[in-house]
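Participant: Read off the chains here:
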Amino acid sequence: MKDSLGSVQSLLVLGGSSDIALATARKLAQDKTKRIILAARPSERLDAGADLLRGLGADVRTVPFDARDFESHEKTLAPLFEEGDIDVVLLAFGVLGEQEKDERDPLSAAEVVQTNFVGAVTSSLVVAEGLKKQGHGSLVVLSSVAAERGRKDNFIYGSSKAGLDTFAQGLGDSLQGTGVHVMVVRPGFVESKMTAGRPKAPMSTTPEAVAEGIIEGLRKDAELVWVPAQLRYVFSGLRHLPRPAFRKVVEKQR
Amino acid sequence: MATDLEVAALPQPRREQLTGSMEQGRTSRGRTTKLSGWGRTSPTVAEVLRPRSREEIAEAVAGAGPRGLVARGLGRSYGDPAQNGGGLVLELTGMNRILHVDLDRGLVVVEPGVSLQQLMRAMLPFGYFVPVTPGTRYVTVGGAIACDIHGKSHHADGSFAQHVESMDLLLADGTVRTLTPESEPELFWATAGGMGLTGIVLRATLRMMPVETSRIMVETKRVADLDQAMERMAETDADYRFSVASLDNLATGPALGRGWVESGNFATRDQLPAKFRAEPLAFSPKPLATVPDVFPNGLLNRRTIRLMNEANFRRAPKTSRPHLATIGGFFHPLDAIHDWNRVYGGAGFLQYQFVVPFDAAATLRRIVERVAVQGAPSFVTVLKRFGPASPGYLSFPTEGWTLTYDFPTGTPGLPGLLRWMDGQVLEAGGRLYLAKDSRMSATDLAAMYPRLEAFRKVRAEVDPHGVFVSDQSRRLSL
Chain U
114 MKDSLGSVQS LLVLGGSSDI ALATARKLAQ DKTKRIILAA RPSERLDAGA
164 DLLRGLGADV RTVPFDARDF ESHEKTLAPL FEEGDIDVVL LAFGVLGEQE
214 KDERDPLSAA EVVQTNFVGA VTSSLVVAEG LKKQGHGSLV VLSSVAAERG
264 RKDNFIYGSS KAGLDTFAQG LGDSLQGTGV HVMVVRPGFV ESKMTAGRPK
314 APMSTTPEAV AEGIIEGLRK DAELVWVPAQ LRYVFSGLRH LPRPAFRKVV
364 EKQR
Chain R
2 MATDLEVAAL PQPRREQLTG SMEQGRTSRG RTTKLSGWGR TSPTVAEVLR
52 PRSREEIAEA VAGAGPRGLV ARGLGRSYGD PAQNGGGLVL ELTGMNRILH
102 VDLDRGLVVV EPGVSLQQLM RAMLPFGYFV PVTPGTRYVT VGGAIACDIH
152 GKSHHADGSF AQHVESMDLL LADGTVRTLT PESEPELFWA TAGGMGLTGI
202 VLRATLRMMP VETSRIMVET KRVADLDQAM ERMAETDADY RFSVASLDNL
252 ATGPALGRGW VESGNFATRD QLPAKFRAEP LAFSPKPLAT VPDVFPNGLL
302 NRRTIRLMNE ANFRRAPKTS RPHLATIGGF FHPLDAIHDW NRVYGGAGFL
352 QYQFVVPFDA AATLRRIVER VAVQGAPSFV TVLKRFGPAS PGYLSFPTEG
402 WTLTYDFPTG TPGLPGLLRW MDGQVLEAGG RLYLAKDSRM SATDLAAMYP
452 RLEAFRKVRA EVDPHGVFVS DQSRRLSL
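Taken in order, these protein sequences are the chains called U and R. Just so you know, my numbering puts the end of the first sequence at 367, numbered straight through with nothing missing. Just so you know, my numbering puts the end of the second sequence at 479, numbered straight through with nothing missing.
Okay, chain U solo, but in the shape it has when bound (with noise of 0.2 angstroms):
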């Protein structure tokens, strides 16, 4: 259970090699955070992430994890509450897939909206039950700005972010009662491994930065955070543009 100040006991990370996910697993980890599982795909950056955690006195398992492979999300993810109980679930994995490539080969396009939102849909649909019967607990899903509105350079990343974004909102009303809370964070372009060797978006944000808002959106409850903050004020406004004014926009960011 959080504590009276919001500080986190134990943290399930789904997608637990992003940088997203390993800086902020950093950050709670200084903090108060001793039991961490990484859920994710078995690669040398998951070990690394695990190893570095450790040396900051956390207790870290990984556990074999793939977003894609729907049927095996339940029997994966639900022993893992048997264990004892889980403050946090972070939901952080993602792909951005390669728009102009995606949209020539629509295979490849539904992979992206298999990570993104039908593996996200499963998945999270699996940790809600183990955190109701747990009687609370937080559920962070990692959503984007690019859910907001569809453009013509990211619209099957976007829309996959979309459906999860709006996804997580009502399963999150539909969790009230419950003690379990839902909070979709919604960064801007963040300089990762996964946006490498792409041209940086007004506003960009890093991984520590996401890691802080996560964190900070933790200790008050919120259940929509904007990393930058100032983001949720440009969006209030971007919303309502024109479609051809908020393509000129678009246009000109580039």
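Any given hint could turn out to be false.
[To be verified] Output of the computed footprint for chain R on chain U, the stretches with three or more beta carbons under 8 angstroms from beta carbons of chain R: (1) 172-182; (2) 281-293.
[What the hints assert, rightly or not] Pairs of lysine-lysine, BS3-like flavour, derived with a Cα cap of 30 angstroms: (3) R:Lys-35 with U:Lys-245; (4) U:Lys-147 with R:Lys-35; (5) U:Lys-246 with R:Lys-35; (6) U:Lys-333 with R:Lys-35.
In case anyone wonders, no lab produced these hints; they're calculated from the structure. Model, not experiment: these values are computed from the prediction. Ideal placement from N, C-alpha and C gives every residue a C-beta, glycine not left out.
Based on the hints, put chain R in the right spot on chain U.
Facilitator: Below, chain R alone, put in the same frame as chain U:
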């Protein structure tokens, strides 16, 4: 003369006084409810049952699921000991009968949900007060035993469980054992202060305190700094049953630790002025006001608390002058204002209470100084001297200075400040109070309570499958 009081004639506590922080109503059937402690932090959702008899309690214990169960009284613990996310919580305020009274020996036999307020109302007319009272009357006997509570009289009277003659404890396997400190010292002292984790107290026999009047003769004296406060208390403790210092926790420099010391004894009949002599044992406390749940976070902050501290300090007389106080006014001033915890806003607050041995006065001073310099505002800051340690394995009181702070959880820098304080307390051989705790670490707890292993051993014997659990027991791996 042994008297069975008419149960129906006993005053029933008002319904609305029976709430800690509960979002939904109560029924006798289970109800999914969000529960938190008095600090209104870290809520979890559990099924709450309100049993009315031993049989209903036994049935609930037998039917507990994998998340177990814990008993809850009036929800006055600040943190999470009386909540159990995903499991069962037995709210025992319906078990509130006074079963038997022996006026010659000053003994009462009560059910666990009887509140101290109820006991005072029932027994003061016969010249008996509760053996130990904390800063609120709205705690149950069950909770008082589970937390082995203390009051302003610890240096004279010890803790609550030291006045328990015997108790019936329902164990996880459904058996009931009658415990006395002599017959089963291990289970008795694991249960006293054991935070409800050994079983459920079904009834307890308490030794009440004889009093001549319901008023306290109090001397209040302003003290210019921490040294004066400590000196005054050390000097006067032997002469006064009740003693406490309130500090202005934001005063720094030469005024560090300034405040006022209150020392008192129950008044004798002769000390009462004529107008009170007709009814020397009168007791009719009424809450003056209820606080609506509309306060924003941050209303109690450095500035507002500085003003209140200043006003309170100036109000205290420079030279000590004895005056008569009521039970409510002296012991339970905050009870006059209903739901006062709402003043902190929805983000809630926490209480930090520690004790350090008398020879660690330097640690006490360091902590007072750092809190003042950092400007962490505390609504109530109370210093007391504890007498010899209570025998409970997890009982909090040990001989020394005990200091309590109330901090709003949103106070900037609070997590770091408290962690530093944890370290200071630990190093000085002190400890934190489980009834107040909402954030300490499991490793610190183990280091602060050397008899934790002995407690665990007893608990493993009587509850091998861990039926009795709470959010706190999970958080601290008790």
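Participant: Confirm or reject each hint.
Facilitator: Hint by hint, here is what the structure shows:
no.: 1; hint: 172-182; verdict: violated (count 0)
no.: 2; hint: 281-293; verdict: holds (count 3)
no.: 3; hint: R:Lys-35 with U:Lys-245; verdict: holds (12 angstroms)
no.: 4; hint: U:Lys-147 with R:Lys-35; verdict: holds (26 angstroms)
no.: 5; hint: U:Lys-246 with R:Lys-35; verdict: holds (14 angstroms)
no.: 6; hint: U:Lys-333 with R:Lys-35; verdict: holds (17 angstroms)
Checked against the numbered hints listed earlier, the structure breaks hint 1 alone; every other hint is satisfied.
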